[in-house]
Every structure is written in C-alpha cells, then in structure tokens.
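Asker: Fit chain B to the known structure of chain A by using the hints.
So the protein lines, in turn, are chains A and B. Quick note: the first sequence uses our numbering, first residue 44, plus one each step. Quick note: the second sequence uses our numbering, first residue 44, plus one each step.
Because the hints were derived from the structure by calculation, they are not lab data. Remember, it's a predicted structure, so these values are computed and weren't measured experimentally. Just to be clear, a hint being listed does not mean it is correct.
[As the list claims (entries may be wrong)] Residues from chain B shown here face chain A by an in silico Cβ test under 10 Å; the list is partial:
hint, residue
1, 122
2, 127
3, 187
4, 335
5, 454
6, 455
7, 467
[As the list claims (entries may be wrong)] Stretch-level coverage of chain A by chain B, calculated; a stretch enters the list once three of its residues show a Cβ under 8 Å from a Cβ in chain B:
hint, segment
8, 106–115
9, 216–225
[Said to hold, decoys possible] To be clear about the criterion: a stretch of chain B counts as covered by chain A if any three or more of its residues have a C-beta under 8 Å from a C-beta of chain A, and this derived list gives those stretches:
hint, segment
10, 89–100
11, 103–115
12, 134–148
13, 243–256
Quick reminder that beta carbons are idealized off the backbone N, C-alpha and C, glycines included.
Below, each chain spelled out in residue letters.
2 protein chains.
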Amino acid sequence: MGTGEGSVSEHETSRASAPRPHVVIVGAGFGGLEAARGLAKAPVNVTLIDRHNYHCFQPLLYQVATATLSPADIAWPIRHILSRQPNITMLMARAEGVDRTRREIITSEGPIRFDFLVLATGATHSYFGHPEWARFAPGLKDIEDATQLRRRILLAFERAEASSAPDTRRRLLTFAIIGGGPTGVELAGSIAEIARHALAPDFKRVDPRTARILLIEAGERLLPALPERLSAHARERLEAMGVEVLTGRPVIDMGPDHITLDGGERIPAATKIWAAGVRASPAAEWLGVDADRAGRCRVAPDLSVPGDPAIFVIGDAAAATDAEGRPVPGIAPAAKQMGDHVAAVIEARLAGAAAPGFHYRHAGDLATIGRNAAVVKLGRLELTGFLGWMFWGIVHVYFLVGARNRITVAMSWLWNYLTYQRAARLITGDAEPTPVRELGPDPESLHPPS
Amino acid sequence: MGTGEGSVSEHETSRASAPRPHVVIVGAGFGGLEAARGLAKAPVNVTLIDRHNYHCFQPLLYQVATATLSPADIAWPIRHILSRQPNITMLMARAEGVDRTRREIITSEGPIRFDFLVLATGATHSYFGHPEWARFAPGLKDIEDATQLRRRILLAFERAEASSAPDTRRRLLTFAIIGGGPTGVELAGSIAEIARHALAPDFKRVDPRTARILLIEAGERLLPALPERLSAHARERLEAMGVEVLTGRPVIDMGPDHITLDGGERIPAATKIWAAGVRASPAAEWLGVDADRAGRCRVAPDLSVPGDPAIFVIGDAAAATDAEGRPVPGIAPAAKQMGDHVAAVIEARLAGAAAPGFHYRHAGDLATIGRNAAVVKLGRLELTGFLGWMFWGIVHVYFLVGARNRITVAMSWLWNYLTYQRAARLITGDAEPTPVRELGPDPESLHPPS
Chain A
44 MGTGEGSVSE
54 HETSRASAPR
64 PHVVIVGAGF
74 GGLEAARGLA
84 KAPVNVTLID
94 RHNYHCFQPL
104 LYQVATATLS
114 PADIAWPIRH
124 ILSRQPNITM
134 LMARAEGVDR
144 TRREIITSEG
154 PIRFDFLVLA
164 TGATHSYFGH
174 PEWARFAPGL
184 KDIEDATQLR
194 RRILLAFERA
204 EASSAPDTRR
214 RLLTFAIIGG
224 GPTGVELAGS
234 IAEIARHALA
244 PDFKRVDPRT
254 ARILLIEAGE
264 RLLPALPERL
274 SAHARERLEA
284 MGVEVLTGRP
294 VIDMGPDHIT
304 LDGGERIPAA
314 TKIWAAGVRA
324 SPAAEWLGVD
334 ADRAGRCRVA
344 PDLSVPGDPA
354 IFVIGDAAAA
364 TDAEGRPVPG
374 IAPAAKQMGD
384 HVAAVIEARL
394 AGAAAPGFHY
404 RHAGDLATIG
414 RNAAVVKLGR
424 LELTGFLGWM
434 FWGIVHVYFL
444 VGARNRITVA
454 MSWLWNYLTY
464 QRAARLITGD
474 AEPTPVRELG
484 PDPESLHPPS
Chain B
44 MGTGEGSVSE
54 HETSRASAPR
64 PHVVIVGAGF
74 GGLEAARGLA
84 KAPVNVTLID
94 RHNYHCFQPL
104 LYQVATATLS
114 PADIAWPIRH
124 ILSRQPNITM
134 LMARAEGVDR
144 TRREIITSEG
154 PIRFDFLVLA
164 TGATHSYFGH
174 PEWARFAPGL
184 KDIEDATQLR
194 RRILLAFERA
204 EASSAPDTRR
214 RLLTFAIIGG
224 GPTGVELAGS
234 IAEIARHALA
244 PDFKRVDPRT
254 ARILLIEAGE
264 RLLPALPERL
274 SAHARERLEA
284 MGVEVLTGRP
294 VIDMGPDHIT
304 LDGGERIPAA
314 TKIWAAGVRA
324 SPAAEWLGVD
334 ADRAGRCRVA
344 PDLSVPGDPA
354 IFVIGDAAAA
364 TDAEGRPVPG
374 IAPAAKQMGD
384 HVAAVIEARL
394 AGAAAPGFHY
404 RHAGDLATIG
414 RNAAVVKLGR
424 LELTGFLGWM
434 FWGIVHVYFL
444 VGARNRITVA
454 MSWLWNYLTY
464 QRAARLITGD
474 AEPTPVRELG
484 PDPESLHPPS
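Bound-form chain A, shown alone:
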C-alpha cells in the first residue's frame, strides 16, 4: 500500500500543532452521526466512514418503498451535515474488519489507524436460518432496498394488468408482509392505501382495490413493544383498511411465487417483504468478542468492548441494557443516546476523568397505520387516531435533517393527504437482479387474438 505518506491520519494530524488522538467512527446512521457531532469540540481528529455518501432517515424508508417520498427527501449528504466541524473528515468506503493489534480498521480504501474506534454499523435482515429467502422477500434497511421494493410493488400491478389469467392476476396482486413490528404495520397500511386510492383509478383491466395484503406475524400480536390495547387497535384499523392480519402464524417456506405458513397453508403471492428479523452487522466478529443471539456485541456499561476501553460499539450493533437490566431497543432515539454517550466518554478519558455509565431513557413507542391512524405511547400517555397520527407526523418531520427535507416531506404529506396521490410512482433500477423474471414468466399474458 505504499510508504504511508499522505494518509488520512497524517494529513489530519499535520493540521494540528500537536498530534491529536484519531477517533474513527464507522457508520453514519443515527448513532455514528451523533457521536461525530458530540466530538465537534473535543481535542481529537475524527474520521467518519460510511459506505454511502448520505445519512438516511430509516424510519421513513417505508414511504420511499411505497412511492410517497423520493430518496433525496429522507437522505442528506454526510459531508454537508458535518461541513462546519473542522476536526472531522468523511470517507466514503466499506468497512471490512478491525485489526485490534495494529489498531487499524480495514476498509475498501485501505486500512486506517485509530486511537479510538466507534463501531456504529447497524443491523441487517435475519432470515432465521433461511438466507435463500432474501431474494424472494427483500427487507428494508437502506435507500437501495426501498427503491427495489418500490419497483417490485409497482411492477406487480403492471404485470397483473398485462395478464389475463385469473390465477396469475391473483398471485400478482397478493402482497405478503412478514413481521408485525412498526415497519411491517407501516408497509401493510401504506400498500393498502396505494392500492385502494392512488392506483385504483389508473388501471383498466384489473382493479387494484382487489389486491390482497397479508400482514403475517409469528408472535401473538402486532407491535409487541406497545400495550395490548394499542396492538388491538392497530389490528382493527388495518383490517378496516382491508389488510388481512395473521398472528401466531410463522412462515415456514417460500419461493418466487408463494409463501407457506406453519400448518401447511400455501398462499400464492408474487410480492413478499421481510420485516421480521434483524441481525447485527459483523462488528462482534471483526473484534472477536462475545455477541448475543442476534449477533450484537455485549458491551461494558460505558458501551466499550470488555477489555478494550478505546473501542466502542453502539446502536443496533450493540447489546446494551438499561438501568433495570432490560435490553435497549433497536430504535433511532436509543442509537442517538449511545452516540452522544460515547462522545462524552471519549472526552472524559482524554481529560483523565472517570467515564460515565450509559443510562438509556426510553421516550416512547409509536407506529403509523395510515391516513388519520397511528398508535403512540409516551410514558403514561396513549394516543390513537388523528391525534396520534398528527403527533407521529410532527415528530418525524422534526427529526429529519435539514430545513429543506422538513418542508419537502411535510408538503408531500399534505399533497398526499389532499389528493390521495403518491408522488414517486417510478419503476426504476433496470440493473438490479432480475425482479421481473422472479415474478415468473407469464405465458397467459398479452397476445394477439388468433
């Protein structure tokens, strides 16, 4: 790799009058970005590494997948977010491992030396021992996932319109969402709305309102993080919107054209979406440390790796617990609190002070279902219906990065609310792995009268 002249570390340290410790943060999600911001005034040089050039607001990804928002509405260039912090360099690269002995993180652009390392590498989908399901039922973790899902959902309607065989149409108009957490609920509600409102008037040979939308949950109820009353409310609202909610029904098999539930029921369904399990990114593997069943690093009370106080794991990659010993949930506010905490620990270490322990403060849980419908639990307060929905919307707009995204998203929602239309109904991404063929060649489709 050459002689070492001109590396990031050297470059950065050559700017300061004395060598500053180098903090490398991997991942510019909620946790990593908050850690970077928290170190703005610390006497360190920071390198923030992400494989994308943007920070993505994951809680609204489902609205990209269902054609309400454009990718740029919920993503913002990382460089721009941090452009006013002189001690931070951003590097677009893929992290591939950690060399703890040499104190280097291995990336697609070469190794980078660190004094402190913060791994905020997030989580990916877990198919519970069935990795082959990934191609049939993609999940929703980043912008590429969202545009691919949008493509599959819209293409299913297009192909149903082009087909004339009732069985094929039925299969093409069946959407199975697996997993009844907030993402599953939000996707099911949003697909029901797009089928019943935005698409309904535009198709002439099929009626999109007849689309069958299944929300399949292995556990006993939807939204297990919320009180039972709110779970039941969400289920009622979804059913009123035409979603079939199946609880206590694990998926045991699937293929390009079907899904099979526990008990053997086989449902023809061209479009399947995975919102069930997540698995931490391989941070624990890279470090060679202990992980829980979901692959999350077991971290010390200050979020460092046991035995290596200069390496931290935060966000969805970490198995942290709150003061009562309950696991910290994999949600944006928790990742942000961890990022903020790690910045404080690094500053304390450098100042020779004792590092504080992490105390998670749970603000609440919420999920939106559809038009005028959401469920919110904040401490003792429970909101549903229009109030819950307004609250959900305001919170999400508030936490978006950048005034422009806030205005654009709020305007898109207003327009969507008034017109029932979706603004981003584009089927894009020709280069992606053959989703069309996955929907099955369709011998019964269009052909001329003989």
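Answerer: Same frame as chain A, but now just chain B:
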C-alpha cells in the same frame, strides 16, 4: 402463446358495442403522449406501450444528473396522466419489432395486433462508430442515465477526497463533456456550479473549486441552432464560470482514465459525459424502410411510412421536413406537434376525409447556462442573462406534467437559488456496472502511516 383469449385488443373491443380500430402507440415521450391525448375522443381503442411506467421530462434530466432535482420531480406515471381517457390502455413492455404482414407489434409481453401504428420510439446516443466509448462516456436520455451520471460525478469528488496522489486527484477532478449543444452547455454549467458552490465547503482534503470542466465541441461553435451572437455569449458566460470551452476539437479516442482530442492532446479525465450524437431508435429497421444517416425514418408529408398509410413514425425517430424543406429539429415541441398531427390524421382517415400534411411551426431555441444566465431566441426576440434565465425557467415549469411537479421543481429552484445547495446529492445504484472500478483502483489512496 395460448389461444388468443383475453388479449388487450379483444378486451378493449369487447367494451365497445362495435369493434373499434386499434391504435397502438409505442413510446410515451412527448410525441407518443401527445398522440394518445389527441385520440381521446376518437372512435378507436388505443394501447400505449412504453418500457417505463413513467413519462420523463427529458429537458430537465441534466438537473437530475447534477443533483438539483429528484427523478420523481420530472417523471409522472403514464397511467395517471391518461387515467381519465376511457379508450386508452397502457402497457409496460419493451417493443422489439414490427410484423407488417400480420399487422402486429412484437413486445416483451408478446405480439399485439394493430390497425394503426404510431412509432414514437425516440433516439439514443450515437458514438460515431465507437460503440466501445459508451461505457466510458455515458449519455443522458432517461432517468437511469441521469442517476448513473449523478453517481459518477459525485463519486469522482469522493474518490478525489480519499486519494493523496496529485495526479490521481487531478484526473478525478477533471470532467469532460463532449458535445456543445444545449445538453452539453447545461451539464457543463451545472457541474461548474455544483463544484464551486454546493460541494466546495464540504470537502476538506481537496478543493472542489479546482475541478477542471471541459466542454468539447467538434464544430466551430456552441449551440449551433442559435445565432452566433448568442453562441458567443454562452461561451463567455461558461468561461466566466470556469468552464474550458474547446471548439473545433473532435474527440478521437478515450479510455477509462483519459480522452484524446484531434491533434493528439491526451487529457486525463475520470468522468466523461456524451452529449454529442444521437441516433434514432430502430423504428426504420423494424419497418424495413428507408432511413437517413442518423437512422431516422424518411416519412411521407403526413408522417406516415411511404406505402403504408396506417403506420406513422414521429418525434426523434422520424426524418421530417418543414414547409421550406428544412429538417424538423429533435426537440420536445416538434415531437408534440407531430403527435398531435398524427392523431388528427387518424381521425381524418376514419372519417373518410383527406389527411392533412404536417406543418412544423418552430417556436424558438433556448438553453440555460447557470445562475441568472440563459440564451433564448424566439422569432426575432433574443434574451440573455437574468431575463433569459427567468424565461427558460418559467417555460420549463409550465410544460412539466402535473401541478405537484411544477410546485416541487419551482421550490427546488428557489431553494437552490437562495442557498446554492443541491437537494439530491445521493450516490445510489450499487447494482450498476462497476463505475467505481472504472475510475481505476487507486493504489495511492488512503493507507496508514507506517
């Protein structure tokens, strides 16, 4: 392909009390869409075929490629545009040929019988006998092209930031736009602005303002459709923005990392964009009829194919001439006029009336250069500077499809104008053919100090 039951044609005709002639329109660009609209009240059934589900407003594609607008801002679902026209069915499929004897158009979804056929299949890039240049210098004809170009442009800056070798940085920060027509001028101006304003404050190791932007034209001047005075003005403005304008300099060779001009000058340039030649889609080949050098069908005065009055070719696929025998230019207003004309001819034929000849009315020419700078020629009126720029903006917003797109684009431009920022600085499209590798592996980039 089955027995013919349930084809589009049969389905459509089964709706009407008597069999109606079936008009198949291929391509939902400006020409095809206008033809479809023009037939709204004609006693025919129309099938509009496009390989995308959206109509794309091509004149603003360069703003997607340079991160100002999102794809959804300039694209609109074809179905939605035509949802109020009961006699139109839209089919998302790829056209692959025409069987004139059987009166069928061959598509990826099977053959479709027609009584009248309108080919509005547009044009693609022409590399003047060097098809191998396509991978080095992509062009800008659709949304996928635009997001791929956006990826290449933004990635070049990212890789320059990660590199420490001056030669590599220089090459990564050199952008060569080949072709000095409106698209080339608009791209060059827009890349100059993004480098000098939106990106400049966000990079710390390289200075995006040092980017070298070359606009290379083989002919003697930029914008040959405009008067010389306006060409000269455009050149001055571009040069004031830091663009190097090279006229009379054909490109004779290129590779992943360089471009070679006539005379032998070899310029290292990682990013090359093709805005030079276009070639008509293979409509003439499909029909087996006479074409001009650019592959455009030579059409009869009513835009039908000589000898086959039920088949029409319009837009960029047609070589039509105006009343003075001058070629009709390949611009949106011309395509729209041809679409409108063909709808009138079909109606006349059905009514047993004589088909009118096509008379092209040239409204004018215009191109934008950058902030407060455009050149406009409308009849005897010539506009430049702020006035020209306002006129250009108003015209383009006016012709966008849908109130929402008009508002969104106008707001994006206002925001862009006030903040100098670009809203859609996303590097997306992991699945596309390895642009990163095309930029060259970069041994001099990031590595640790030894």
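Asker: Hint by hint, say whether it matches the structure.
Answerer: Hints, one by one, checked against the model:
With its C-beta approaching chain A no nearer than about 4 Å, residue 122(B) sits inside the 10 Å limit, and its interface hint holds. The criterion of a C-beta within 10 Å of any C-beta in chain A is met by residue 127(B), whose closest approach is roughly 8 Å, and the hint holds. The interface hint given for residue 187(B) is met, as the beta carbon of that residue sits about 6 Å from the closest beta carbon of chain A, less than 10 Å. At its closest, the beta carbon of residue 335(B) sits 29 Å from a beta carbon of chain A; the interface hint therefore is violated under the 10 Å criterion.
At a threshold of 10 Å, the smallest CB-CB gap from residue 454(B) to chain A is about 8 Å, leaving the interface hint in force. The restraint placing residue 455(B) at the interface with chain A holds, with a minimum CB-CB distance near 8 Å, inside the 10 Å limit. Proximity of residue 467(B) to chain A holds as hinted, the smallest CB-CB distance being about 4 Å (cut-off 10 Å). Interface restraint, the segment 106–115 of chain A with chain B: holds (3 residues with C-beta to C-beta distance below 8 Å; minimum three).
Counting residues of the segment 216–225 of chain A whose beta-carbon sits less than 8 Å from any beta-carbon of chain B gives 0, not enough to reach three: the coverage restraint is violated. Judged by the Cβ-Cβ criterion of 8 Å, the segment 89–100 of chain B is covered by chain A as claimed, because 3 of its residues qualify and three suffice. Counting residues of the segment 103–115 of chain B whose CB falls under 8 Å from any CB of chain A gives 3; the rule of at least 3 is met. Counting residues of the segment 134–148 of chain B whose C-beta sits closer than 8 Å to any C-beta of chain A gives 5, which meets the bar of three, so the coverage hint holds.
Restraint check on the segment 243–256 of chain B versus chain A: 5 residues with Cβ-Cβ distances below 8 Å, three needed, restraint holds.
In this structure, the earlier hints numbered 4, 9 are contradicted, and the remaining ones agree with it.
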